[in-house]
Amino acid sequence: MSPIYDICIIGSGAGAGPVIYELSKAGYRVVVLEKGPWYRTKDFTKDEITAVRRSVYTPNLKDEPQVIESRNEDGDWEAESTFESGNDFWNGSCVGGSSNFMSGFFFRMKPGDFRLRSKYGDIPGANVVDWPITYEEMEPWYAKVEEVVGISGKVVPHRFQEPRSTPDFPYPPLSVNKVAEALDEASQSLDYEMIPTPRAILSQARTRRDACYYSNFCGSYGCASDAKGSARVALIREALLTGNCTVLPNAKVYHLETDGHHRVKKAWYYDVEGKKQSITAGIFVVAAQAIETSRLLLMSKNKEFSQGLANHHGQVGKNLLFSGGGIGSGLLYRHDFDPKTFEAFMQPGLFVNRSIHQFYEYEDEETGRKQKGGAIDFLFEHANAMTRAIKQKWGKDDQLLYGSAYKKRLYRYFTEARKIKFEVFNDWLPTDQCFVQLDPKVRDKWGDPVARARVGYHPRDLEVGRYLSAKGAKVLEALGAKNISWSVSGAPPSNLQAGGCRFGKDPKKSVLNPDCRAHEVDNLYVTDGSFMPTGGSVTYTWTIYANAFRVAQKIIDRLSKSDL
Amino acid sequence: MPLYNDTGNQQSTPGRPSLGRRRFVRQLVLLSLGSQIPWWTACDTAVKTLNTGGVLTASQAEIADFVFDWLLPDDSHGPSAREINAYPFFLWVLQDPHYDPEQQTYYKQGLDWVEETCVEDYNGPFHTINIRQRQTLLDKIRDTNWGESWLASMLTVTIEALLGDPIYGCNPNGASWEWLGHQPGQPRPDEHTRYPIILNRKMEGHPITKIDQL
Chain A
546 MSPIYDICII GSGAGAGPVI YELSKAGYRV VVLEKGPWYR TKDFTKDEIT AVRRSVYTPN
606 LKDEPQVIES RNEDGDWEAE STFESGNDFW NGSCVGGSSN FMSGFFFRMK PGDFRLRSKY
666 GDIPGANVVD WPITYEEMEP WYAKVEEVVG ISGKVVPHRF QEPRSTPDFP YPPLSVNKVA
726 EALDEASQSL DYEMIPTPRA ILSQARTRRD ACYYSNFCGS YGCASDAKGS ARVALIREAL
786 LTGNCTVLPN AKVYHLETDG HHRVKKAWYY DVEGKKQSIT AGIFVVAAQA IETSRLLLMS
846 KNKEFSQGLA NHHGQVGKNL LFSGGGIGSG LLYRHDFDPK TFEAFMQPGL FVNRSIHQFY
906 EYEDEETGRK QKGGAIDFLF EHANAMTRAI KQKWGKDDQL LYGSAYKKRL YRYFTEARKI
966 KFEVFNDWLP TDQCFVQLDP KVRDKWGDPV ARARVGYHPR DLEVGRYLSA KGAKVLEALG
1026 AKNISWSVSG APPSNLQAGG CRFGKDPKKS VLNPDCRAHE VDNLYVTDGS FMPTGGSVTY
1086 TWTIYANAFR VAQKIIDRLS KSDL
Chain B
31 MPLYNDTGNQ QSTPGRPSLG RRRFVRQLVL LSLGSQIPWW TACDTAVKTL NTGGVLTASQ
91 AEIADFVFDW LLPDDSHGPS AREINAYPFF LWVLQDPHYD PEQQTYYKQG LDWVEETCVE
151 DYNGPFHTIN IRQRQTLLDK IRDTNWGESW LASMLTVTIE ALLGDPIYGC NPNGASWEWL
211 GHQPGQPRPD EHTRYPIILN RKMEGHPITK IDQL
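Protein chains in written order, with our numbering: chain A, 546 to 1109; chain B, 31 to 244.
One thing to keep in mind: the hints can contain errors.
Which stretches of chain A does chain B cover? Using the computed rule of at least three CB atoms under 8 Å from a CB of chain B, they are [claimed, not checked]:
id, segment
1, 593-601
2, 782-794
3, 927-934
4, 952-959
Keep in mind the hints are simulated off the structure, nothing from the lab. Keep in mind it's a predicted model, so treat the numbers as computed, not measured. Ideal placement from N, C-alpha and C gives every residue a C-beta, glycine not left out.
Start from the sequences, fold in the hints, and give me the full structure.
Dropping the structure here:
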């Protein structure tokens, strides 16, 4: 019997959206299985209770925990359920995935990121490899994301500007706060190259999407104007217009069944009532975000794949990546600036959108060798009022403040200063101490083993993070900020996940081939960030989108040749 | 643990206890098992009449009401706990079936611990001591490990009431936002999009094939 669907896609975020979009537009019958619900644009508000203080857009950790294994004070690995710790690694469980809630800071990886080992050499303790494709092969897909998803910004020449096939972004830059100009001046005084930050946010309206209205609440919040380039709005909605796409929300896939001939034939899932259902298709694409993608493959054991799907060589789940780096901040006080300037700084809504890529590569002071650095981006503290107020409740010596003293402090914090921040991004080097496996004990609400992620880091990640953070702090100092502080740690940022199913040419050392098709399973593709063998020193989403467009074309080419 | 691109999110919320928080709370609960809640906690006929929401005893309600006043007093500088409806907001939190039940228990357990400490120090229940004694008692409790931790969590609830959307019955007319010069984001929640109504969306599992379902 012929399959009902040509392609079944598991997940609906940035790694899935381009495949859904391209295959639907090409006339193929597409079905999407999304574990979360369908939130419409009209459902999204800027309510802090909903978006931040309660688990609305992510699963209840009691129902769906994960287990995180990190080093304790004695240096031993210690595992703890996220339900116990409260350290949530979910990032948006709904149609469109976490792309609904991203801030949309978009950067391309640079040519050197695709050949990290060739360019900078081996690093002891790190599994650094070159990508099996080049930047030049990815470039047209980066350009496609700019057009289809919609990226605003301005290209300015700088030392590490990536080669481009188009002169500039399709949408002009978003409006910025006066602090952007002040940051430009501050960086000039230090001889640093400050550049505009591209955003996956429309500065101008286009068909079915309004322009950004500067709500002041972007990251963690769904977009109410559809300006943000979520997979839901930019891609899935367009796919639905073709009539070829069906999305099944609340469909939690738990097993991929193979046919005994190295092909997946069915995806098994729990429906909204918890009943087991299955979907048959010709091609299967997994894009459930890095940790959960590895988990699904590991859960899909059978006689044919006793160690998990596509895992004969034990590579599934290995070399999990986050993003190395750090965070710093300083306060812009009213009394340090003229009234007009300070009032301009306090104006809500407008973006900062400034970054430094000058230290994407730097000379190591001890060895004199060039080594990989990273990016620094500048932004205001999030406008979340409760979150800001909660941070003010601890006084000197970490003693709880309350009563009139707390109220005075709160008032001063909100009215007499504004916090400017920087975030550092550098490679989270792949190591043997960062991987996903199935937890032997903890189960989710359906009774399935949950993902257990060991989150070890490489010491180099912290060295680079410190180098870059010190640069960021200098900029804040030149800006006139006070109370400047920064921190770099090996704690993984849970919203920047990649790796676990790295692509490569050698089936013994990688899960996927250069087309992101599983070496061992003829009709299985992985298109979320799992494919990345190294992560670069920028946020991942643009690269995930671009690669998914690239793979979508590979799938269409294959289908059109009736290879399947 | 950092979250990049300023998601503005916290890794821990009252719905999601912070790192080691749940473990800490359990230790406190175990420690308290040896003590007995005094009989008047259950009877408490002399306390003032407060809506207990069916989730608090009368004495727990009285203590909670006072604690919020103590945390955010009426001092002519910004809204007070009473003006922002902190206590009714607290009842709403305790009644929320989607909230972490262990955290809800912790809030209530702390109220009982205050009562116990009061009995130890003043030989009587909380409702029998005067305002100055109550303040002294809470000052003392704040200097204990359990007290500071519990009061910090009560302050977090207070802050939610202070800066939450008025649709939740707190922060009437956005007075706290005005006080702090804070502009809330638009659109604000309405009866269809407010928490926990929005959670009903999670139960919709029908296939989506048309754009008008977006």
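Evaluation of the provided hints:
1. 593-601: Contact hint for the segment 593-601 of chain A vs chain B: holds, 8 residues under 8 Å.
2. 782-794: holds (count 9)
3. 927-934: Since three or more residues must qualify, the claim that chain B covers the segment 927-934 of chain A holds, with 7 doing so at under 8 Å.
4. 952-959: holds (count 5)
Violated hints: none; the structure is consistent with every hint.
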